[in-house]
Amino acid sequence: MAAILPAAIIIALVLAGFLPVFLIGLKEGLAPADPYLLHVAGFTLLQAGLSTVLSLALAVPVARALARRRFRGRGFIIRLMALPLALPAIVTVLGIVEIYGTRGWLGGLFDVYGLQGILLAHVFFNFPIATRMMLIRLAAVPPESWRLSAQLGFGDRHVWSRIEWPQIRVALPGAATLIFLLCAASFTVVLTLGGGPKATTLEVAIYQALRFDFDPPRAAGLAIVQLAIFAVLALLAHRVGGGISAWQSFRSGAVRYDGSSHLARFGDFLAIGIGAAVLVPPIAAVLSSGIAHLGFGADVAMATITSLGIGVCSAAVSMIICWPLAQAAARRRCWSRLAALSVVAGLILPPAVLATGWFLLLTRSSLAIPAPVLVIAMSMLMALPFVYNTLAAAVAESALQHDRLCASLGISGLDRFVRVDLPSLRRPLGVAFLMAAIVSLGDLTAIMFFGSQDFMTLPALIYRQMGSYRIETAAGTALILALFTMALVMLAERWGAER
Amino acid sequence: MIGLEDVAFHYEDMAMRFSMDVPEGAFLAVIGPSGAGKSTLFSLIAGFDIPLSGRIAIGGRDMAGVAPGQRPVSMIFQDNNVFGHLTLRDNVAIGLSPGLKLTPSQQAETDEALRRVGIYELRERRPEEVSGGERQRVAIARALVRDKPALLLDEPFAALGPSLRRDMLDLLREVQREKGLTILMVSHQPEDARYAASHTAFVEQGRVLAMAPTEEFFGKRYLPELREYLGEWRS
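Chains A and B, in that order, give the protein sequences.
Under my numbering, residue 499 is the last one in the first sequence; the count climbs by one each step, no gaps.
Under my numbering, residue 1235 is the last one in the second sequence; the count climbs by one each step, no gaps.
Bound-form chain B, shown alone (with noise of 0.2 Å):
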């Protein structure tokens, strides 16, 4: 589904080389140190940052020139998923129509997805009247409507406490389902792989050093690098 063949990129004296090929379906996690390139990796997927030499390929389709609106996938940020000054409502409603103008279908469309991620009771506040997890699901709710095949997650739930990420990793999931999503996220919590992913995949020093099924990834700790990262000798 998404495909990455030697993809090249330097950020701040960092040589970056990525190969990875994701299943289609498929619940990656991608763990692995802060500064490792996790982000980057996302980045250059979602056509942020324009990879030097190699090639990107999303359902079969090389992403060379694609601008990142044109792209098959949806990103959530950790943070400042959504604009201050709009409503809930149109936060997810502007994944339609950045004009806001919707047709009666649109509308219906984003009052459906409100409903769907749990805060259609919400839906005339601002972000700043909401929690930080309300806000994350305005952003789930808004990839529902834009309907991409591909989701981006970059430590999508970092700030929050522990029962809440279940529930939010819980959503993913069955979004996932209904929709046959691929879902990509970062995550600084193996836990959390170990939880939701059907995949998980390491990155330290800008590569891809492994990627697996999630329990056989867990289960063999092939990987010095790895042992260290997850500070566990024994398994």
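For reference, chain A alone in the conformation it holds in the complex (with noise of 0.2 Å):
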């Protein structure tokens, strides 16, 4: 079956990140009682903790406002709430140091470089998530339940716990989960605005281990840690299932009889305003000060092709492995389960880990493979989730509606790909590349561990910009990313809506 090469390959990658890691660390690098091992590992599930706490506090009044609200920009700030998740960290987490920094507009509000920092780009990045979760389960309330409640002179105190909190509790666990999750494989955050070996975590531990103390093992020891986290959480996860659906468009929705109260209105638009208050100004500090500073230096350049380069490679390699997959698990049962299961395995597995791993093996063995392969293999995987989910459901679909045509028409092979396949599934194909491209062009991590001074994607030149205090430049340089990212993404709406 043309289906195994692509599994085998998915399954060598992931497990040149697994064994090595897991050998050489249990070996060499675990020390059980090291204070600083035990002090990285607590900070990492502090600071994701907190994160999570504070983005769901946050996300339920803002929830709740925009539900029973209706007012001019309303569908605007709904789509405003998608542009954390689809925006490179990077570039957020500059308008963040452009607002908070020390020579910031609000500067001095908030210490950036540490926790503060930390819990103020996770509350940002995912307090919309945890909003738009809430929003999709108060949008399934029936119309009839807020006209019964209106009926039966339901206060906003009874709505609230007969109708709207129950919606809510639904989506708690799932949003608490995901944002966990994302908040302790954090990468790009914490490298940027963690101060040192006080502020840090695992995974970024892990990074520092690597490129500046080159201690393998310690590293290793450090993943072996991050790893069994990460498979609680996610363990933890698959129980409450949850994750998030597909951007649902809020259509005006239903009519609501409550809330009419000055006090119940005056609440609302102060959460909305809150939340208004903590998306809007980085992204509007990356946009002024980025077309203020907007430059095309040869590192800019240089960076830009080297970017766009491994988008390009990176999904390209990423639909080969799918597509045979996607072929045999809309056939086979017991491939639709394998296939789930090997891409979702990249997922599971951090990024840092699977990095150390490859270090590891290539470091002790003197293999030399090109880093930017290693880059391009490392985005592949990661953006597997997302072109193996768009493909599967699109093949599925053509199996059904064309297989038994072809059959008895005798197209099969190449014939069936250029002349059914490829016209019918030309959208879902796009997206599917869309997406890996944009999950390639915004990744810090993958570089950060195989880059160098002369390998360089936009992220990482944002970052040395960063670090070298030229927060202006840097802001350029993200503008560019930026309108890269989104014109990509604005692609993919559009192709995927057109379906």
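Derived from the structure by calculation, the hints contain no laboratory data.
Hints are supplied without guarantee of correctness; some may be wrong.
Okay, the calculated beta carbon distance ranges per label pair [to be verified]:
1) 1055(B) - 157(A): 30 to 40 Å
2) 1205(B) - 79(A): 31 to 41 Å
3) 1055(B) - 160(A): 47 to 57 Å
4) 1125(B) - 74(A): 36 to 46 Å
5) 173(A) - 1191(B): 12 to 22 Å
6) 260(A) - 1125(B): 47 to 57 Å
7) 1216(B) - 160(A): 48 to 58 Å
8) 331(A) - 1174(B): 54 to 64 Å
9) 79(A) - 1067(B): 28 to 38 Å
10) 1177(B) - 260(A): 53 to 63 Å
11) 1205(B) - 73(A): 28 to 38 Å
12) 1101(B) - 142(A): 49 to 59 Å
13) 161(A) - 1023(B): 19 to 29 Å
14) 413(A) - 1125(B): 38 to 48 Å
Far from chain A by the CB rule (all over 10 Å, computed), these chain B residues [as the list claims (entries may be wrong)]:
15) 1060
16) 1077
17) 1162
Note that beta-carbon positions come from the ideal geometry of N, C-alpha and C, so glycine has one too.
Since each chain comes alone in its own frame, lean on the hints to assemble the complex.
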């Protein structure tokens, strides 16, 4: 079967990350009571927990307010909430530094380098995700329930306890585990805003052990702890379910009869105001200072070409790997489970753990694999779940529609691909390609692990410019990266909607 | 009992203008093609929609500016009449107290209503554990404890089979007699009107085109629109 090769490639790549970490980490890297390791693991969990609580605490009132108010700009705010997830993390981190940094518009309000900055950035990224998950639940309330509550004379308190809270409560566990997972694996935010050994997470500590201390066994030890935390979290997330469903468009929705008091009105607009105050300034800062300092130096041009090249290559490779898997999964039940499992393997394994394993394997076997190949392979693994899910759904539908007809007409192989699949699956194929390119374009992890002075993508260049306190130059570069990303996102949205 | 005078409303490009007078103690069936404005008519009476002009009076009292919860009506929808996370008993009791804090006499009242509609044994179950007909009985029981003089039902039994529908119509007529209710019911089934309703009204294009005692209504066929809707040219 044609699907065996791609499945074997994925499993080999994942094992090449996992096995060396496991073997060397257990043998050389783990000292049980290492105070540094305990501190880093503790900080990882602490910041992820605080980020989760703060994000949810903000999301609940914002979701409630957006669900029951109708005003001009409501749709715009909801669309804006998709932005933190779509934009490369380094771009928004830069925006946060520009707003809350010592010389920022709101400088001195928070200490951006350290726990406060990390929490601020994580709330910025994650409260919109939680808000949207809750909005989806609230939008699912049948219109009759609002009418019923009006007729039965429910006050706002009872609308909350009888209708709104039971809906929000359903979304909470899924949102909480997802946010905790994202924050525990957060690399870009902690790398840029974490202040040295005091405020660092496992993901970043692994990177520092490998690239600065040249201490692979220690990196492997840290990686084992990260792996253990992730295994528990992934199991938990699997039980809780949830995850982000597709970005639904929120139609104007049901008519509401509650929340008409002045106090409720004031509270709702206060919540929306606070949400907007968290969301808008960093994005606006990148935009305005990026426009003012837009520059195309040789380094920017080089990094742009590198970024696009890696994006195109990793998208192409992930398509080539996913296509036979999706084909097999559409027709054989056993393959559909195996494919789904191997695809998420790359997601469950944190990127830093994967990188550590490859690093160990290469240094100890003195294999020489060019850095771009490693970066492409890693971006590809990160993009696999998105690409596979899009392709698998489309291919399954096409199999259902065309298989019998093609069999009766004797169309198969390349003919089938060119005459039937390619024309009918043009849009989903395009969307899958774009999603892989978006993931690769915004990624900082792979390039930080395997890149160098001469091999740099746009996110890595921005990080370097920020590191040498050229914030304004970095803003110009960030705007270029943001524009590329947004162009791809808009194209993907358009193609996705046309299906 | 329920009077509408030139009540104007716009819904998705359709201009509506309703006038009618429902006598006290009537069981009025409202029939008409879908999209004719039957549900909007009920929403206006219940206060979910506010008329652009005209006057709605219930029991002689002008309803302008009266919130849905303050109006002397209960409404039952085709679906979603219950809160999924509450037991059937709580779904009835919530009609007496939104906080579900009941006095002993209110508890007795709730149990009595559950018995009256025949779901007392199911009272501790949740809505997803009972049938569609039983869920509609919950709504009727809640209307009983709320004890409002008028009951509006918007296609309440559309999802039920013919014999179950008869049972529900019988139940409605019984509670109507016991409580002296005025009932308005939207239906897609002219035979429901013939079976249970004392009066029948025909709504089309946002207007009440005809309203008469049921016998008379189906006997005359004086309206071409009604003949077309019923699809029978001979009677």
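Verification of the hints:
| no. | hint | result |
| --- | --- | --- |
| 1 | 1055(B) - 157(A): 30 to 40 Å | holds (33 Å) |
| 2 | 1205(B) - 79(A): 31 to 41 Å | holds (38 Å) |
| 3 | 1055(B) - 160(A): 47 to 57 Å | violated (35 Å) |
| 4 | 1125(B) - 74(A): 36 to 46 Å | holds (39 Å) |
| 5 | 173(A) - 1191(B): 12 to 22 Å | violated (49 Å) |
| 6 | 260(A) - 1125(B): 47 to 57 Å | violated (35 Å) |
| 7 | 1216(B) - 160(A): 48 to 58 Å | holds (50 Å) |
| 8 | 331(A) - 1174(B): 54 to 64 Å | holds (59 Å) |
| 9 | 79(A) - 1067(B): 28 to 38 Å | holds (34 Å) |
| 10 | 1177(B) - 260(A): 53 to 63 Å | violated (38 Å) |
| 11 | 1205(B) - 73(A): 28 to 38 Å | holds (37 Å) |
| 12 | 1101(B) - 142(A): 49 to 59 Å | violated (26 Å) |
| 13 | 161(A) - 1023(B): 19 to 29 Å | violated (40 Å) |
| 14 | 413(A) - 1125(B): 38 to 48 Å | violated (57 Å) |
| 15 | 1060 | holds (21 Å) |
| 16 | 1077 | violated (4 Å) |
| 17 | 1162 | holds (24 Å) |
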